[in-house]
Amino acid sequence: MNKTMKAVYNAAVVLAATLAAMGIGALVFAAVGADVVKAYGVILTEPLKDLIGITEIAVRAVPLTLIALGIAIAFRSGTLNIGAEGQMLMGILASSAAAIALPDLPKPLLIPLAVLAGAAGGAVWGAAAGILKARLGVNEILSTVMLNYIAAQFYTFLLRGPMMDPEELVTGSGTPQSVRIPRAAWLDRLLPGTRLHAGVYIALVLAVVVFILLWRTSAGFRMRAAGAEAKAARYAGIRVERYVVAAMLLSGAFAGIAGAVEILGVHRRAIEGVSGGYGFTGIVVSLFGGLHPAGILPASLFFGLLLLGADMTQRLADVPANMVLVLQGAIILAIVSARQFMNNPYVQDRLARRLARIRGRPAPNPIPGSPEACPDPSDSPDPCLADEPAALAGGGSRDVRPEDQR
Amino acid sequence: MQFEPIRSLELRGITKRFPGILACDHIDLAVGEHSVRALVGENGAGKTTLMNILMGLYQPDEGSILLNGREVRFRSPNDAFAHGIGMVHQHFMLVPNMTVTENVALGMKSTHRPFRLDLGAARKRIREVSERHELPVNPDAYVWQLSVGEQQRVELVKTLCLGARFLILDEPTSALTPQETDELIELLKKMSRELSVIFISHKLHEVKALSDTVSILRRGRIVFEGRTEDHSPADLAALMTGHEVALPCVECSDAAPAEGRGLLSVRDLRVRGDRGNLALDGLSFDVAAGEILGLAGVSGNGQRELAETLNGLRKPESGSVLLDGAELGGRGADAVIASGMGYIPEDRNTEGIVPSFSIRENLVLKDVGTVDWSRGGFLRLGPIARNAADLRERFDIRCPSVDTAAGSLSGGNIQKVILARELARKPKALVAVYPTRGLDMGAEEFIHKQLLALRAAGVGILLVSEELDEIMNLSDRIAVIYKGRILKVVPGRDATKRSLGLLMAGVLDE
Amino acid sequence: MNAGSFILNILILGVPFSVALLLAGLGETINQRSGVFNLGCEGIMAMGAFLAFLPPYFLAKTPLAPSANLIGILLAVAAGALLGLLFALVVVTFRAPQGIAGIGLQMLGWGTAGTLFRRYVGGVTGVTGIPSLPIPGLSRIPILGPILFNHNPLVYLAFLLVPVFWYILFKTPWGLKVRAVGTYPRAADSLGIPVARVRYQALALGGAMAGLAGAYLSLAQAKMFADDLIAGRGFIAVALVYFGRWNPVGIMGGALLFSLAQSLQLSIQVAGIDFPYEFAVMLPYALVIVVLALVRKARMVGPAELGKPFDREQRV
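Residue numbers (this note's numbering), protein chains in the order written: chain A, 1 to 406; chain B, 1001 to 1510; chain C, 2001 to 2316.
These aren't lab readings, by the way, just hints derived from the structure by calculation.
Ideal Cβ positions, reconstructed from N, Cα and C, are used throughout, including at glycine.
Hints are not guaranteed to be accurate.
Simulated crosslink set (SDA-like; lysine to any residue; CA at most 20 Å straight-line) [what the hints assert, rightly or not]:
id, chain 1, residue 1, chain 2, residue 2
1, C, Lys2223, C, Ser2005
2, B, Lys1109, C, Arg2186
3, B, Lys1315, B, Lys1426
4, C, Lys2308, B, Gly1407
5, B, Lys1426, B, Gly1340
6, B, Lys1109, C, Lys2171
7, C, Lys2308, A, Asp35
8, C, Lys2308, B, Arg1485
9, B, Lys1124, C, Thr2172
10, C, Lys2171, B, Leu1184
11, C, Lys2308, B, Lys1426
12, B, Lys1109, C, Leu2169
13, A, Lys6, B, Pro1400
14, C, Lys2308, C, Arg2245
15, A, Lys38, C, Arg2186
16, B, Lys1109, C, Phe2170
17, B, Lys1109, C, Ala2196
18, B, Lys1109, C, Asp2189
Here are the in silico distance ranges between beta carbons for each label pair [to be verified]:
id, chain 1, residue 1, chain 2, residue 2, range
19, C, Leu2294, B, Leu1322, 34 to 42 Å
20, A, Leu169, C, Phe2170, 57 to 65 Å
21, B, Arg1267, A, Leu351, 36 to 44 Å
22, B, Phe1115, C, Ala2078, 20 to 28 Å
23, C, Tyr2156, B, Ser1318, 55 to 63 Å
24, C, Leu2157, A, Arg354, 40 to 48 Å
Pulled out of the complex, with its shape left as it was, chain A reads as follows (with noise of 0.2 Å):
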């Protein structure tokens, strides 16, 4: 295939991703009886109509960007992270306990304080499942979905208990939330009359530096090593296990981030339902994203829109609003099978063999013969994809330790 092939065929493999997802998401719009077009037609317009629909699009977009930045460390080093749920709730539990417990620091102290709080908050929870795999080969996906049941029963039982807003029991309703952090901890709101936040500002930063981790130092290359392949990283004296820790540990600690800004910048209390599934829908933005700060970016203000958009639908179009976990799992399934298609040199060529075939021409011969002649240059896969973590281009999860530690 030449270049120019090549490009028809990947925006016709993402186009038809893309309709074979929209049209998973039909079908259940239509079995609710929904206009399908007007639904969609809300979900994607209806937010951007005014000032706060942008905003509130932005607002989505901070925690879903620094849970997906984290998603990617953890996948691009072989490990699927499935937790920054629960890593988000330990991240607003820390944050918010320390900015509560410390109401009288100084502002450029107290907001550093408890956003590092926040990331220690879903590190410990990440790393957590991190030794669990590397040092027992218990199985991230697993260990990481049972840690957010735990993590959730945890924040109830403090939201309800120890962490309880006091004035909730003596005058207030009884809503389990604590009570509000000091005003020394808000971030900044931007724009008046929105919640657009300072926490724009961290998210933006931060996505630089995962760049510069993962593709400019040495620690970043020894992880997505062990990520594409770790029997080679471990045959080439990178310590896998160490790097699966600290990705496990710096994925958690994103997500915490993302709780803690969420907190600091929004609601200003711990209450239930700040997560918000967040950090499900953050594992598909990482994907949406490639996998790369750079697509992650476009990628969280989107689902940010079909977060918002999705809400929406439920007071325009009769549609509940648990219809973007439906989007989100039907867009799962079309990037994962989509990837194949683009990545895959042997479904592709047999794809332009049926394709020659049906039109009835022989298709074009590669180069005869020699099988030390490289492939040709324009069928290589693309290099951003090519360098895919083998957690994603294989199959579940595997394991990281090496024979001799059984």
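Place chains B and C on chain A using the hints.
Okay, now just chains B and C, sitting in the frame of chain A:
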């Protein structure tokens, strides 16, 4: 079972393409009754692809198959079996966690009753076949418990149980000792009285011993066909590669025979394998600087465990590994690498390179943390790129660019990437495991030259190989490994295939 | 309450609690034996639970009411099989990575069930559910009777399916093919066994079982549907398969272990022992992690090619 006898089998104009490779290019091949046809060619010449087409595993892009003059289409191996064609694949097609009987029953559709698997019928058939052809097998053994030779027998029995009257054997001797090979050839000669055989090999003396006619494949084309007895192995080798090949050897090299100091010294090494067995059981040897020590043995006798232990990937239970006086046993791979050990691992695609990483990245895989390639934790992209350009030139790595994913290269070029990385590190010692497996002769020649140059530069090399020719050509001394011990070390010039073969089978005294 | 009746209660509750895990775990065993790791089990269970709940909910006052449960179960099984086939399309035909695809399927199933539920049912509403069917005579046996023979029919079915699945896996041609395809697909392929088709079949059966497990939860165990009814049981079922070493009997042991832990937790609360509710709920999830950490990898037992797509033409 009722089959029409196969009097002739003909392939006409078979063509098959893979991404970037034309594996078979209008191949014509005809085989008659009760004859043994050798199909000879280098790795990658298209032999296995052609046979997979004959078995219905691949569909040809063009061409047809004729059986007794009638055209047939094999859409799956079932069709091939139904016409009495069976194949023993180079990599055994046996499910390790199932018994021999279950493996046979898997292909014997007559044992597949609606709600019951008739293992009794499969067992009966195995007994018949193994008695008739003198191929003793234990039907209740699990495949993973069997030795390579036994698995080979099971493969043959399985294929015959499925009713094969036309047998395709893909490099059947590649994992056998010379004695086992001789036995197999005798057996096949006997069987060829009743069956027709296509015998794929690149070992020409086996071709001479067994076949009536020979076809030579090169780069997807038949380049020669003739009677085996009319041609010498040397003729055939020249036809196979397209040019006269004289592989470099240690005796033809100018460098003085090794008299260097002891460099790598292994003492009483005991290491457990993956199944908890003692894979290395008190193994000792020395490699001097400027020496190539060949390690011969049937694979599975501890070679993998030894290579991994020497490189810090497996912890020894006891014993020591000294490199230049420093103890390496039990230290991690990073420490071993830092102490100057080089390693060409067995599986180049998953152990030697990170396939999705670019060539550039793979060339610094081991040393990315050193001052050469990073400063203060940040990569030095300039030097890394220059290193790649330089090594690409020096090692003649054929690739569109150094940004290409290393995994998309051919086997020979991947091996060059690994070799380039290891040599550029200027190692004191090198462990090379099956360094030329699956490569064509050009790449083999290149790698042998590099190993000899390394030897001349004073590096101590442990060469693990299953190709006796390679070991005998390159080694100063040859150690034979058997069941986790070094049975004997012989000087390279005194070794013969026969003597090595007996040692590989565990026979110490004749 | 004395110690004897306390323990008896735990056992009586534990057996029916194990059924959802057991059914889903048996299905997942077949999936994994064929080499496919289906994390979407959780989502399939959600769909199964919801669809099984619908007929009894809507048909309660109609002539069809007596067979509503059966219709619900059949719907759940059929939907489960369809979702299994959808997953097969993604991971077998498109060769997508299974771990992440499973998460996608989980979201899809969970989201669809939740969306439809909110739209058509709204709040939490109960159904009569499947009544229990004491086995005449046997249920009267002291101690054993109430533990084993006084449950609804799905409980008996689930335990009967354990030997059935064992037989299917180890004594039928199809089971042989499933095991071969999961351990060494290339060998199966060389013998003319259609690897992809066998995996499709295995995933359809696994999905149907997950659908049935969901139906059990909504119709027999909870007798209602809610968004978070499944609460991770699908993931626990996947973990059980490792614990049970891909063997139906082992899966049964694992399912019982979990259900006993759960009924212990409930009994503790009922007994009024002071223990934070949230920590009691955490217990099974923490137990999964502990179990996964303790299970040693066994060689030569399970499907060696678990999680790897198969492509005949792709040379290794």
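Is it true that the C-beta distance of B:Arg1267 to A:Leu351 lies inside 36 to 44 Å, as the hint says? violated, 57 Å
Taken at face value, is the distance from the CA of C:Arg2245 to the CA of C:Lys2308 at most 20 Å? holds, 18 Å
Distance restraint between C:Lys2308 and B:Gly1407, which requires alpha-carbon spacing of 20 Å or less: holds, 18 Å
Outcome of range test on Cβ distance (C:Tyr2156, B:Ser1318; 55 to 63 Å): Holds: the Cβ-Cβ distance is about 56 Å, inside 55 to 63 Å.
Against the range 34 to 42 Å, how does the distance between the Cβ atoms of C:Leu2294 and B:Leu1322 compare: consistent or not? Given about 39 Å between the Cβ atoms, the range holds.
Restraint status (C-alpha distance of B:Lys1315 to B:Lys1426 at most 20 Å): Roughly 25 Å separates the two Cα atoms, so the pair is violated.
Are the Cα atoms of A:Lys6 and B:Pro1400 separated by 20 Å or less? Within the cut-off at roughly 17 Å; holds.
When you check the alpha-carbon spacing of B:Lys1124 and C:Thr2172, does it fall within 20 Å? holds, 18 Å
Holds or violated: B:Lys1109 with C:Phe2170, Cα cutoff 20 Å? Answer holds: B:Lys1109 to C:Phe2170 is near 16 Å, not above 20 Å.
What's the verdict on B:Lys1109 and C:Lys2171, does the C-alpha distance respect the 20 Å limit or exceed it? Cα-Cα ~15 Å, so holds.
Going straight from one Cα to the other, do C:Lys2308 and B:Lys1426 come out at no more than 20 Å? At roughly 38 Å apart (the allowed maximum being 20 Å), B:Lys1426 and C:Lys2308 break the hint.
Would you check the hint for B:Lys1109 and C:Arg2186, treating anything up to 20 Å between C-alpha atoms as holding? holds, 18 Å
The structure is inconsistent with the numbered hints 1, 3, 7, 8, 10, 11, 15, 21, although it conforms to all the rest.
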